[in-house]
Amino acid sequence: MAEKSYRDAIRDAMMEEMDRDPNVLIMGEDIGVYEGTFRITAGMLKKYGPKRVIDTPIAEAGMVGTAVGMAMLGLRPIVEMMTVNFAIVAADQILNHAAKVRYFSGGQVDVPMVIRGPHGAGVQLSAQHSQSFESFYAHFPGLKVVAPGTPADAKGLLKTAIRGRDPVMFLESAALYGMKGEVPDDTNFTVPFGQSRVAREGRDVTIVSYSRMMQMSLLVADKLSKEEGIECEVIDLRTLRPLDMDPVYASVSKTHRAVVVQEQWKPFGAAAEIAASITENVFDELDAPVVRVTGEDVPMPYARNLELLATPHEEHVAAAVKKVMYR
Amino acid sequence: MAEKSYRDAIRDAMMEEMDRDPNVLIMGEDIGVYEGTFRITAGMLKKYGPKRVIDTPIAEAGMVGTAVGMAMLGLRPIVEMMTVNFAIVAADQILNHAAKVRYFSGGQVDVPMVIRGPHGAGVQLSAQHSQSFESFYAHFPGLKVVAPGTPADAKGLLKTAIRGRDPVMFLESAALYGMKGEVPDDTNFTVPFGQSRVAREGRDVTIVSYSRMMQMSLLVADKLSKEEGIECEVIDLRTLRPLDMDPVYASVSKTHRAVVVQEQWKPFGAAAEIAASITENVFDELDAPVVRVTGEDVPMPYARNLELLATPHEEHVAAAVKKVMYR
Amino acid sequence: MAKQKSTASATIEEPACAPEWSDILRQMIFIRRFEEATEREFRKGKIGGYLHVYSGQEAVASGIITALDKGDAVFTGYRDHAHALSLGSDPKGVMAELFGKGTGISKGKGGSMHLFDVEHGFYGGYGIVGGHLPLAVGAAYAMRYKQQNGFVVCFFGDGAMNIGSFHEAMNMCGLWGKEGMCPVLFVIENNGYAMGTSVERHSALTDLAARVRAYNISTEKVDGQDVFALRGVADRVVRQMRETGKPYCIEAVTYRFSGHGAADILQPYRTKDEVEQHKHRDPIAILQNRLREICGLGDEDIKQMEDEAAERVAEAVKFAEESPQPDPRELFTDVVAEHGPQPVNI
Amino acid sequence: MAKQKSTASATIEEPACAPEWSDILRQMIFIRRFEEATEREFRKGKIGGYLHVYSGQEAVASGIITALDKGDAVFTGYRDHAHALSLGSDPKGVMAELFGKGTGISKGKGGSMHLFDVEHGFYGGYGIVGGHLPLAVGAAYAMRYKQQNGFVVCFFGDGAMNIGSFHEAMNMCGLWGKEGMCPVLFVIENNGYAMGTSVERHSALTDLAARVRAYNISTEKVDGQDVFALRGVADRVVRQMRETGKPYCIEAVTYRFSGHGAADILQPYRTKDEVEQHKHRDPIAILQNRLREICGLGDEDIKQMEDEAAERVAEAVKFAEESPQPDPRELFTDVVAEHGPQPVNI
Ligand SMILES: Cc1ncc(C[n+]2csc(CCOP(=O)(O)OP(=O)(O)O)c2C)c(N)n1
Ligand SMILES: Cc1ncc(C[n+]2csc(CCOP(=O)(O)OP(=O)(O)O)c2C)c(N)n1
Ligand SMILES: [Mg+2]
Ligand SMILES: [Mg+2]
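Chains as they are written, first to last, in the numbering used here: chain A, 1 to 327; chain B, 1001 to 1327; chain C, 2001 to 2346; chain D, 3001 to 3346.
Derived from the structure by calculation, the hints contain no laboratory data. From the three backbone atoms N, C-alpha and C, an ideal C-beta is built for every residue, glycine too. It is possible that part of the hints are untrue.
[To be verified] Among the chain A residues that face chain D by a calculated CB cut under 7 Å, a handful are:
1. Leu45
2. Lys47
3. Gly49
4. Lys51
5. Glu182
6. Leu306
7. Glu314
8. His316
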């Protein structure tokens, strides 16, 4: 085990896989000469050369589409989106090509590729650069959608993504890039998809989340434990497609109360799926309605005071926990 | 009142608004000379001329983006998508431009435009041409998302869309184009957004739906009434953004049971939002978990037998109704 | 100004008679009869969805594809039957796919627009206009990356040149081509129309290849009804591309005899007369006449080819007809390699 | 071959001295000082998010925009401060926007990338590279449709020319232009780099305007550091476009002195030397020297302009600093005209 940042965990995952398998390559805007806007790829051009670290023009659909073609022919491209916001420009290539070509070809091709990059709100990047797309992509069969919340998961899940045979939307939290945590040294350490994790045990309320909001939920859980004696169990979904709800059901069967936390806009967001599934499957266990904590339903404003109002904070999670406890 | 098809209702709405307001125009692929793949626009080029009925190149992002520019300068463009599937190609223009420019300009512009076209599964059009996007678009603040289920609503809602000041995704059901129904003659007849409708009254179970699945739900309700004495109340949401849940809550407070029906893939689909909201708001009224009836979670296959298995049918709705009644 | 040259192919020297030309004629006749059969079966309700036939354009697919080797890869749009058949896909499997049968080459999951036969180098069959171009570019990169000798042919229509992905793909290929990493032969199947919109009405400049040259890719305009001309260019260009790893673009000027798709009955965008005029330049007739001249091809030979085509088509239809529907469990396979879907209604 | 001409502007005749030129110099100096202030305030933490300054490129915005009339409309990308200021937006409101204050010209909701000032003809400020081009085309159509006399100027970078929406917009504008329905003046701000990727590395052909000509749009390459040249071309072209309703494209060859954005400190993609070389062609110095020659501009005049700029910038900063944050209720306004959002956390 070593203490690593979330950023370095991502970088290590890519470099280890590039070392292991010559078919892995990475492409994106300004990842080479410029060394990446978040410096995740710093040094990689030098180490692997321009055929494996490809600086692309500003052409997201072209980037994703060429990666699909590479993947169909047996390479394992990683596409870095400068931010995942820009992947919307490539939505057709992701949703209609990457996600579907295996199916409509009757299974004649694999599409082993990863689209990754920072995701979610930053600081004052305003409306076009501060969005959360997990429910958007997770709606589509044929894709995998991953949202790691710790350095270890970032590394282990990314390695699974790179080694897999399907297209993966790998949604990183830019806000967590600097966060440190223990990461196994073993270069064969991977984290499988479709396995939610109990991030914190507790008896009173189940908090379901992923990525940065999962980390925030842990803080709230600790605070509520200390200050109010409320013990929250926090479930980290880790992957939204495949979505592993069994640990959630098990937890709710114990706590009888659930809160779902997401940064996204509330309507038609990921928390709706979680909440609906909980109700559908363990209705009789529930002592209170499942409550969703979400961002405000507005495009992200630039002004810092408004921006802070637009995203969910610890006090909102705490309030939701108390609400489901009727406190 | 006159008996009109859903198709003619849409066409009438457009032509009446074009007659009323010279700023209304329509653009799309093969809507003019070719007269439209679904013939919705047949005759319109002749009547309004090429400046108001614009045949565009195959350039969905260009179509939507130019419409945004037109709308910002005071026109009221209608963009016909040959099918709404192709709007994915324009996702960035819809989600990052049409939906956000009012906000990030601090309210300096209106964006009165409508994107409309046939939506959902057809017959053997396979994976890239048979998708349902309502939850996808309805997630984004700044848009309106409309899904009419009757000729009258198709007309009245489309007129509201054209007269409004915001961008609207107007999702038509190709399968309903031939369906007939009473449509008011008044050229000022409109149907406001954000008003769900009780399409059928009943005391036992609330079925929540929209568009074609709402029509199917009505058939099931009649059948269940006749054959089993079960009385379903069917709520037609009509618009998914704004989403009017109050009539749903009122109905569930009466029936204590709810089924939500959509054609979309289940995970992260529209029914999740409806189900989660019902639970969140009228939990204590529920005698059973809200059950979702949805399409199978697979890209649409071409083979007719598989395709039929991929979409929800009357028996699935009936089974869900019985399930929430514990029958 | 674009530095790349635009060559209007000079008249190809009359080639010598070779057995290959009869094979090509046989193939083109077969493809025409196959397409006619699909139109018939569509009207009978045996084929569903959209159906886009290739009649009139046969010389393009045949002229180019017969120049390929094993290991080369082909991508095209939804008007894809001829490409699969030219590559050697089993007509029975192709027809079964159109019938939505489990024996179809895409297991009945793709249909007319999504034929696939990777074993024969056919990488599909795509329905989003222009969406496949970036895929072709990536595939070519992969081949060079793996130091394979193959290259990629990417067919697309005139209408596809107006969509963004076309341009993004072209620029990336032009760039990668500088490093010898992008051997894609782009083939514009310029049949004059995107559905009902003529080139003049959909493209600001009707010299479509000018767009391609703007990405440092050489282009050449070829008579798309003349399989001799097409094959001649292909042979030359293919050799050169394998060596250089650079892209090249052929604009094949052709014409579609049928409607855009099976639903395009009225065809208000063109006159019957225009269609008739173009039928005078039927690529099959042109090839037949040439082979009469240079190979002494006779009526008897042609009749034999026609009979053989009819028989093979009938066989394919019979096979498709008699094949079983896909197993219902197939609904859930091939979605992903791992972590497949949970059935909801079954 | 593209039939449209590519003109490399002949050296503009030395224009006569006119008071206007001093105004332009004053404006350019002011913009430079304004941008320097934004960089300072960014480092102080007063400005957040991304900040892209225009230093080095001033001649482009000023040369073109001073040729416009009321009723014309301007669209650009995220590097947009100069465009707003050139159009006459209040520097106080612009600075307040960057500070995220309620008095900002976009009410603090847009920030640096999304300045808007419709009253002055400024239609924004967009953050998705190339995304605004179709908007500009639609806006031009709207003006002609309404039989207004205005036209649209659309600025964008060299890097933006690689994205699909650029091409879709160009083709549509080329087509509509044939009917006199698309008077857009496209201005390529070719500063040699898209972020850290040089034109040679992002575009298959470095003659960027070849792409534009491929859509039947005439282009002209202009020295982007020479405001005389730019303004000369603009005056000529603008007159012509108002009449014809056709698009036109100017490729302004310029250079950005600062990093791509405030975070671009190391600039590993270019040498200090390269930047220094280009600073010898500072558009402000070039204009000053010219005006010394033709107008007898003296050190005193320049000092006065500098002092005035410093004062106006200080005033803007002070105003921004002292302005209140947006009212929290503003979070929920301007999302839609009707049926606004339901607060969830408040
Ligand atoms: C993105 C997208 N927009 C629209 C369509 C509908 N469509 C299918 S084929 C076609 C015309 C294509 O014309 P062209 O590229 O010239 O090919 P051709 O049919 O002539 O072979 C259109 C508009 C589509 N499939 N995809
Ligand atoms: C679609 C999209 N992809 C990537 C980015 C990130 N990005 C912002 S500016 C930029 C470079 C643009 O270069 P250019 O168009 O030359 O303009 P310049 O910055 O030189 O003025 C990039 C890649 C973006 N904003 N939008
Ligand atoms: Mg065509
Ligand atoms: Mg640039």
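Discussion item. Hint compliance check: list the failing hint numbers for this structure, sorted ascending.
Written reply: Violated hints: 1, 2, 3, 4, 5 and 7; rest satisfied.
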